[in-house]
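Engineer: Residue numbers (my numbering), protein chains in the order written: chain A, 36 to 227; chain B, 341 to 507.
Heads up, a few of these hints could be off.
Selected chain A positions facing chain B (in silico; Cβ < 7 Å) [what the hints assert, rightly or not]: (1) Y98; (2) R100; (3) G190; (4) Q194.
Residues from chain B that keep clear of chain A, each with C-beta distances beyond 10 Å, as calculated [said to hold, decoys possible]: (5) R377; (6) P400; (7) L439; (8) Q452; (9) F454; (10) L489; (11) A496.
Residues on chain A that point at chain B, a partial pick, calculated with CB under 7 Å [claimed, not checked]: (12) R66; (13) Y69; (14) L166; (15) L168; (16) Y187; (17) A205.
Think of the hints as simulated: they come from the structure by calculation, not from any bench. None of the values given here were measured: they were computed from a predicted structure. Even for Gly, the Cβ is constructed at its ideal location relative to N, Cα and C.
In case you want the letters, here they are:
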Amino acid sequence: MRDMTFSEIERLGAAVGEADEAFSMDEDSFRVFYERTARPVWAYLSRMTGDARLADDLLQETYYRFLRSSGRHENDTHRRNYLFRIATNLVHDQRRKPRADRVELSDSIETLDARPATSVGNVDERTVRRLDLARAMGRLKPRERDMLWLAYANGSSHQEIADALGLKRASIKLLLFRARRRLANLLREPGA
Amino acid sequence: MECLREQEIVEAIANGRWPHGCDPSLEMHASECDVCRDVVTVAVALREDDLSARHEARLPSAGLVWWRATIRARAEATRVAERPLTVAQGIAGASAVGLAFGLAGVAWQSVQRFQRVGEFIAGLDASTLQFASESAVMLQRALPLVIGLGACLLIAPLAIYFVLSDD
Chain A
36 MRDMTFSEIE RLGAAVGEAD EAFSMDEDSF RVFYERTARP VWAYLSRMTG
86 DARLADDLLQ ETYYRFLRSS GRHENDTHRR NYLFRIATNL VHDQRRKPRA
136 DRVELSDSIE TLDARPATSV GNVDERTVRR LDLARAMGRL KPRERDMLWL
186 AYANGSSHQE IADALGLKRA SIKLLLFRAR RRLANLLREP GA
Chain B
341 MECLREQEIV EAIANGRWPH GCDPSLEMHA SECDVCRDVV TVAVALREDD
391 LSARHEARLP SAGLVWWRAT IRARAEATRV AERPLTVAQG IAGASAVGLA
441 FGLAGVAWQS VQRFQRVGEF IAGLDASTLQ FASESAVMLQ RALPLVIGLG
491 ACLLIAPLAI YFVLSDD
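With these hints in hand, go ahead and build the complete structure from the sequences.
Structural biologist: Below is the structure:
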């Protein structure tokens, strides 16, 4: 590789400065925002992908895209909704990848099921409920999973869900009702 | 499809007041209403799973996430800044190659011309030796041109490189 000229170094130095300025918030504001939002975002990514390690990577990517976004947000709620929209898009991208590259929610449940019976016998009731939920969620459509998580785990409003999933607000009520009914039936009758 | 008390139940579950910390009539209502029974089943399960996921999360610090984002943004900015230089270098390289081929073509034509002169000389008998000597003189005069073209072939890419790299 050839040596750089002085003018090139100056030009690259300017580019580095631009990179810092390209973030949508300063470091202090980011720290506060991150502390408030990282756990729910990670929980969402983890449960929607079924892979904790992938959730770690997607968390970094979510915040990077958020920082590089040029949008101006009126308040923290808007910022948070936008963050979940990015996370949702990343989860969707992940689902579109070829199967060999990604972890299916049902695969991760199979792994849990494959544990020896003795260890299953020792797990507490909460873990069993979690397993039932994971299995039931695995039988829903991806969009239904997203919707239910945002509505009941994350406490998002219909408008926020519509924004995050790119759907019309008017259709959320019906879609949510159907998804909720399906999940409730699956949870009441785990074998169904 | 919707119940008027649905939101009350969702809020009670989200705030950890369900079932004992909320209005007893709400619990009774949930046991009788199909919509609210589904809401309770789903919301309690998801809320519990969300809390346990948040608890098990091993998050990187905000500083680390910021630092990684900064490094990546810088790398991207560097790549973007380098793009025009790469384009200019590509154009210079392509021009140098084009010029080299052009010069090689000219040089090749000269060589062929000299070859034809040589063949002509070989075909002449001894009585035409005078003409042969004239041809040799002509070839001698053309030699600097061939050397000049060869030098251009070598120097042109270097000259273009120095002109473009020190702008």
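Engineer: Confirm or reject each hint.
Structural biologist: Right, here's what the structure says about each hint:
| no. | hint | in the structure |
| --- | --- | --- |
| 1 | Y98 | 5 Å, holds |
| 2 | R100 | 9 Å, violated |
| 3 | G190 | 5 Å, holds |
| 4 | Q194 | 14 Å, violated |
| 5 | R377 | 7 Å, violated |
| 6 | P400 | 7 Å, violated |
| 7 | L439 | 20 Å, holds |
| 8 | Q452 | 38 Å, holds |
| 9 | F454 | 39 Å, holds |
| 10 | L489 | 28 Å, holds |
| 11 | A496 | 18 Å, holds |
| 12 | R66 | 4 Å, holds |
| 13 | Y69 | 4 Å, holds |
| 14 | L166 | 10 Å, violated |
| 15 | L168 | 5 Å, holds |
| 16 | Y187 | 4 Å, holds |
| 17 | A205 | 13 Å, violated |
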